[in-house]
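> Spelled out from the first residue to the last, the chains are:
There are 2 protein chains.
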Amino acid sequence: MKLPYKTISDSLNRSRFSIILANPQNQENIGLVARAMKNTGFSELRLVGLQEFEQEAYRPAVHARDILKKAIFCQSLPEAVADLNLVLASTARQRKAFQVITIDQAVEKIRLFPSHIKVGLVFGNERTGLSDIELRQANFVYFIPQSSRQPSYNLAAAVLITLYTLFRQSAPELVAELPPPLPHKEQAGCLQIISAKLEKNGFIHDTNRQHVTNLLYDLFGRLTLSERDQRFLAAIFNKGLNSK
Amino acid sequence: MKLPYKTISDSLNRSRFSIILANPQNQENIGLVARAMKNTGFSELRLVGLQEFEQEAYRPAVHARDILKKAIFCQSLPEAVADLNLVLASTARQRKAFQVITIDQAVEKIRLFPSHIKVGLVFGNERTGLSDIELRQANFVYFIPQSSRQPSYNLAAAVLITLYTLFRQSAPELVAELPPPLPHKEQAGCLQIISAKLEKNGFIHDTNRQHVTNLLYDLFGRLTLSERDQRFLAAIFNKGLNSK
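Protein chains in written order, with our numbering: chain A, 26 to 269; chain B, 26 to 269.
Because the hints were derived from the structure by calculation, they are not lab data.
Ideal Cβ placement from N, Cα and C applies to all residues, glycine included.
Heads up, a few of these hints could be off.
Calculated Cβ distances over 10 Å to all of chain A for the following chain B residues [as the list claims (entries may be wrong)]:
1) T65
2) G74
3) I229
Below, simulated BS3-like cross-link-like pairs (lysine-lysine); rule was C-alpha separation at most 25 Å, straight line [as the list claims (entries may be wrong)]:
4) K121(A) / K94(B)
5) K143(A) / K95(A)
6) K121(B) / K264(A)
7) K134(B) / K94(B)
8) K143(B) / K210(B)
9) K225(B) / K210(B)
Computed Cβ-Cβ distance ranges for the label pairs, DEER-style [claimed, not checked]:
10) T153(B) / E81(A): 20 to 28 Å
11) R90(A) / I97(B): 33 to 41 Å
12) N110(A) / I142(B): 20 to 28 Å
13) A122(A) / R247(B): 18 to 26 Å
14) L203(B) / S40(A): 45 to 53 Å
15) I261(A) / E202(B): 52 to 60 Å
16) S40(A) / I261(B): 38 to 46 Å
17) E252(A) / E104(B): 53 to 61 Å
18) N38(B) / T127(A): 41 to 49 Å
19) S40(B) / N38(A): 38 to 46 Å
20) E202(B) / N110(A): 24 to 32 Å
21) E104(B) / N38(A): 43 to 51 Å
22) G214(B) / A122(A): 54 to 62 Å
23) L137(A) / L75(B): 47 to 55 Å
Using the sequences plus the hints, can you model the full thing?
In structure tokens:
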């Protein structure tokens with residue numbers, strides 16, 4: 026029996042995505058889009074409404090010129106989305122004839138379909154956004170939440186937030202690797218060196234011993250001492266605090 | 026008895042945040058940062074290493090000039106963070122002497138402290154990032170995950186992603202409001218009009234009736250028809266499909 030569910034893969038398979046800029050007017054924005062694509066691991070850029078890049082597009086595309094070099098110039102938006110299975114368009118405002126969902130719902134939609142279908146993300150002109158006629162080329166129209174009514178996100182910002190949201194969902198394995206805390210006996214050993222020093226110097230004495238020791242354990246516990254921390258603290262308390 | 030937990034408020038209280046740019050070299054980036062701040066509801070900008078804004082800062086700061094106008098110019102980073110309780114600094118690379126956490130862990134740290142403490146977010150120079158000496162002014166150092174080693178996010182992009190991540194966590198109420206689906210009897214009524222039309226035209230007949238009806242219910246069920254959809258479909262099937 027075929028079950029009506031699958032295990033959703035962690036990977037969105039970013040190579041099947043096309044970022045489509047419809048009638049961008051600022052070449053610098055195109056370069057910033059290419060850089061945002063590079064940062065987040067997307068590679069295919071399609072352009073409607075222009076024939077070539079000017080120098081201003083290349084300047085902000087640091088380390089992302091390859092994306093510009095293999096960008097695809099299309100005659101029209103219908104041509105640009107013709108081979109794509111799922112098309113999502115970004116808008117900054119309510120649209121009379123089109124239902125609008127949030128970016129998070131849009132990402133969820135993408136994740137529900139098989140991970141091999143081709144997906145297009147369409148962004149409009151900086152000043153006017155996407156026209157109704159352009160929106161007709163999309164399966165879904167989405168917006169990026171913002172705090173104030175004005176201004177809307179600029180073009181490169183809208184692309185960046187969209188791609189970063191997708192990237193983060195497809196790369197949950199990206200976490201910081203903190204240095205491992207020492208085995209607890211060694212963490213405690215470190216503390217004992219410090220206690221001994223403070224005892225010797227008279228800072229810890231009979232009437233405060235219990236409370237100060239609690240405070241020390243609290244402070245050093247929270248530090249989750251690593252081997253490097255241990256070496257550093259041992260050096261301080263063995264040598265660094267000896268009066269000359 | 027005082028319990029060691031509290032209910033985390035949905036709001037991050039964005040007015041207590043300062044965005045601090047240390048030695049930015051591109052004035053246009055400052056304008057983009059102001060716009061990103063406006064988009065995400067942050068308002069206090071502090072600058073280290075410059076005395077004033079040039080025209081290029083104002084151009085991209087569409088609808089965000091007020092942020093530039095009340096920006097605070099500081100003599101040094103220690104001065105810029107002096108009154109802040111919790112300082113987080115952004116870095117794009119591993120740092121020898123500093124533990125580095127992810128942006129999501131950084132946001133989590135902020136949420137754990139009382140919502141009235143003052144928070145600073147520090148971003149470095151476009152080319153060099155923050156120096157070790159600058160990092161010393163932070164409680165925590167964080168990075169924004171990226172797909173490729175090069176390039177790093179540009180300055181305005183790093184600020185935007187940081188603020189958007191904070192904004193999204195502090196504004197979970199921001200969801201699209203879809204038009205309510207009709208009471209089910211009316212959704213079904215809409216479908217019956219269409220079935221009747223298809224029966225009349227001979228498209229539905231005795232041998233396919235059951236299967237075609239299933240398909241229709243599936244298709245129209247998924248549309249979660251709203252009142253507007255109903256009016257539109259009724260108009261199509263009552264008038265729009267009559268042969269003249």
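> Compare the structure with each hint and give your call.
Hints versus structure:
no., hint, result
1, T65, "violated (5 Å)"
2, G74, "holds (22 Å)"
3, I229, "holds (26 Å)"
4, K121(A) / K94(B), "violated (36 Å)"
5, K143(A) / K95(A), "holds (18 Å)"
6, K121(B) / K264(A), "holds (23 Å)"
7, K134(B) / K94(B), "violated (30 Å)"
8, K143(B) / K210(B), "violated (55 Å)"
9, K225(B) / K210(B), "holds (22 Å)"
10, T153(B) / E81(A): 20 to 28 Å, "holds (24 Å)"
11, R90(A) / I97(B): 33 to 41 Å, "holds (38 Å)"
12, N110(A) / I142(B): 20 to 28 Å, "violated (48 Å)"
13, A122(A) / R247(B): 18 to 26 Å, "holds (19 Å)"
14, L203(B) / S40(A): 45 to 53 Å, "violated (32 Å)"
15, I261(A) / E202(B): 52 to 60 Å, "holds (59 Å)"
16, S40(A) / I261(B): 38 to 46 Å, "holds (40 Å)"
17, E252(A) / E104(B): 53 to 61 Å, "violated (36 Å)"
18, N38(B) / T127(A): 41 to 49 Å, "violated (23 Å)"
19, S40(B) / N38(A): 38 to 46 Å, "holds (41 Å)"
20, E202(B) / N110(A): 24 to 32 Å, "holds (28 Å)"
21, E104(B) / N38(A): 43 to 51 Å, "holds (48 Å)"
22, G214(B) / A122(A): 54 to 62 Å, "violated (23 Å)"
23, L137(A) / L75(B): 47 to 55 Å, "holds (48 Å)"
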